[in-house]
Amino acid sequence: MTLANYINELLYRYDCVIVPNFGGFVTNKIGAKINASTSTFYPPKKKLTFNAYLQHNDGLLANHIASVEKISFEKATEKISIEVTKWKEQLETSLVKVDKVGTLTLNEDKQLIFEPNNNSNFLVESFGLSETESKEIKRFNEEVKTLPSLEEDETKKVIPIFVKRAAVAAAVVGVIYTGWNGVQNKQQQKMLASQEKSLEKKIQSATFVIDSPLPTINLNVTKEEGINFYIVAGAFQVEENAVKKVEELKEQGFDAKILGKNSWGLTQVAFDGYKTKELARKELLRIKETVSEDAWLLEK
6 MTLANYINEL
16 LYRYDCVIVP
26 NFGGFVTNKI
36 GAKINASTST
46 FYPPKKKLTF
56 NAYLQHNDGL
66 LANHIASVEK
76 ISFEKATEKI
86 SIEVTKWKEQ
96 LETSLVKVDK
106 VGTLTLNEDK
116 QLIFEPNNNS
126 NFLVESFGLS
136 ETESKEIKRF
146 NEEVKTLPSL
156 EEDETKKVIP
166 IFVKRAAVAA
176 AVVGVIYTGW
186 NGVQNKQQQK
196 MLASQEKSLE
206 KKIQSATFVI
216 DSPLPTINLN
226 VTKEEGINFY
236 IVAGAFQVEE
246 NAVKKVEELK
256 EQGFDAKILG
266 KNSWGLTQVA
276 FDGYKTKELA
286 RKELLRIKET
296 VSEDAWLLEK
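Counting along the sequence shown from 1, when you hit position 258 you're at 263 in this note's numbering, and nothing is skipped either side.
Bear in mind the hints are in silico, worked out from the structure with no lab data behind them.
Some hints could be false.
[Said to hold, decoys possible] No farther apart than 30 angstroms at their CA atoms in a straight line, the calculated lysine-lysine pairs in the DSBU-like style are these:
id	residue 1	residue 2
1	75	255
2	287	266
3	282	266
4	115	91
5	75	280
6	266	249
7	287	52
8	52	280
9	293	282
10	91	52
11	105	93
[Unchecked claim] Taking CB as the label site, the calculated pair distances span:
id	residue 1	residue 2	range
12	296	114	43 to 53 angstroms
13	97	263	42 to 52 angstroms
14	113	33	40 to 50 angstroms
15	97	58	17 to 27 angstroms
16	62	137	34 to 44 angstroms
17	253	86	34 to 44 angstroms
18	297	54	26 to 36 angstroms
19	291	99	17 to 27 angstroms
20	114	282	17 to 27 angstroms
21	263	113	18 to 28 angstroms
22	138	233	20 to 30 angstroms
23	263	294	20 to 30 angstroms
Don't be surprised by glycine CBs; every beta carbon is placed ideally from N, CA and C.
Given only the sequences and the hints, what does the whole structure look like? Please build it.
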């Protein structure tokens, strides 16, 4: 698999994927949108941007590659470095296409310009949803024609029986048409209301926003004497969810703990902390096989 494939996979599960010494791909959840002029509904999605200042190796990408390819963390880091060198050389003469993610180019000031692939939606909750167009409902006002009054002649004329039957049939058809037209209108209204309600349930608020460039990533980790390595179980926007995760892991026998908030304001939770890298990596492999494939190693 290529580096682009690994980045693509991680963007479905994480808000930020950093390519060491190159930059970070950052996602930001946005809600559903409605284009009133075209009556088109757009599902919630993750808006993708690129931040060239995020270059610190947080271990996420390298750990993922090492896990998939069954290689060491150092070997995975080396593979990333080789690919980054190729990208930088390619940018000097042309663009770099990151498959299913977007394209990168250099402007006249040698600044990276990122153009996301709008056909990709990394929001898992919107999987399978596409833009929907609701056709305009046209309503017709039936014109009621006034029937001329029939004046009976002094000598009453006998109306033939087939004329009476034709008049009755015409009246019945008119009633049926009116009823059917009303049913169609109601069905169209229900369909539109159902579409709007379905989209409203999917509306998500943004959980990750970077307003200004970040020179580096410095994690605010709880310091423990002699403990330099942690196996990260996840990062949470709501602190209560982080506390629940710690309790859940402790019930499973782990000495779980909260490490503090990272630079994006997310509270990190660890399975446990370790004094040596060898011991931590050995435990990481066990956790990946038995508990969570998303676990990764953080070095303080």
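So does residue 263 sit 18 to 28 angstroms from residue 113, Cβ to Cβ?
46 angstroms, violated
Are the Cα positions of residue 105 and residue 93 separated by 30 angstroms at most?
OK: residue 105 and residue 93 at ~19 angstroms, within 30 angstroms.
Okay, residue 97 versus residue 58 on CB: inside 17 to 27 angstroms?
21 angstroms, holds
Tell me if the beta carbons of residue 253 and residue 86 are separated by a distance inside 34 to 44 angstroms.
37 angstroms, holds
For a C-alpha distance cap of 30 angstroms, please report whether residue 75 and residue 280 respect it.
24 angstroms, holds
Going straight from one Cα to the other, do residue 52 and residue 280 come out at no more than 30 angstroms?
39 angstroms, violated
Compare the distance between the alpha carbons of residue 282 and residue 266 with 30 angstroms, and conclude whether the hinted pair is satisfied.
22 angstroms, holds
Taking 34 to 44 angstroms as the stated bounds, is the beta-carbon spacing between residue 62 and residue 137 within them?
Since residue 62 and residue 137 have Cβ atoms about 42 angstroms apart, the given range 34 to 44 angstroms holds.
Is the straight-line distance between the alpha-carbon of residue 115 and that of residue 91 30 angstroms or less?
17 angstroms, holds
Residue 287 and residue 52: Cα distance at most 30 angstroms?
Not satisfied, since the Cα-Cα distance of roughly 37 angstroms exceeds 30 angstroms.
Supplied distance hint 42 to 52 angstroms, evaluated on CB atoms of residue 97 and residue 263
45 angstroms, holds
I want to verify a distance hint. Is the separation of the beta carbons of residue 297 and residue 54 within 26 to 36 angstroms?
Holds, at about 28 angstroms.
Checked against the numbered hints given earlier, this structure breaks hints 7, 8, 14, 19, 20, 21 and 22; the rest are met.
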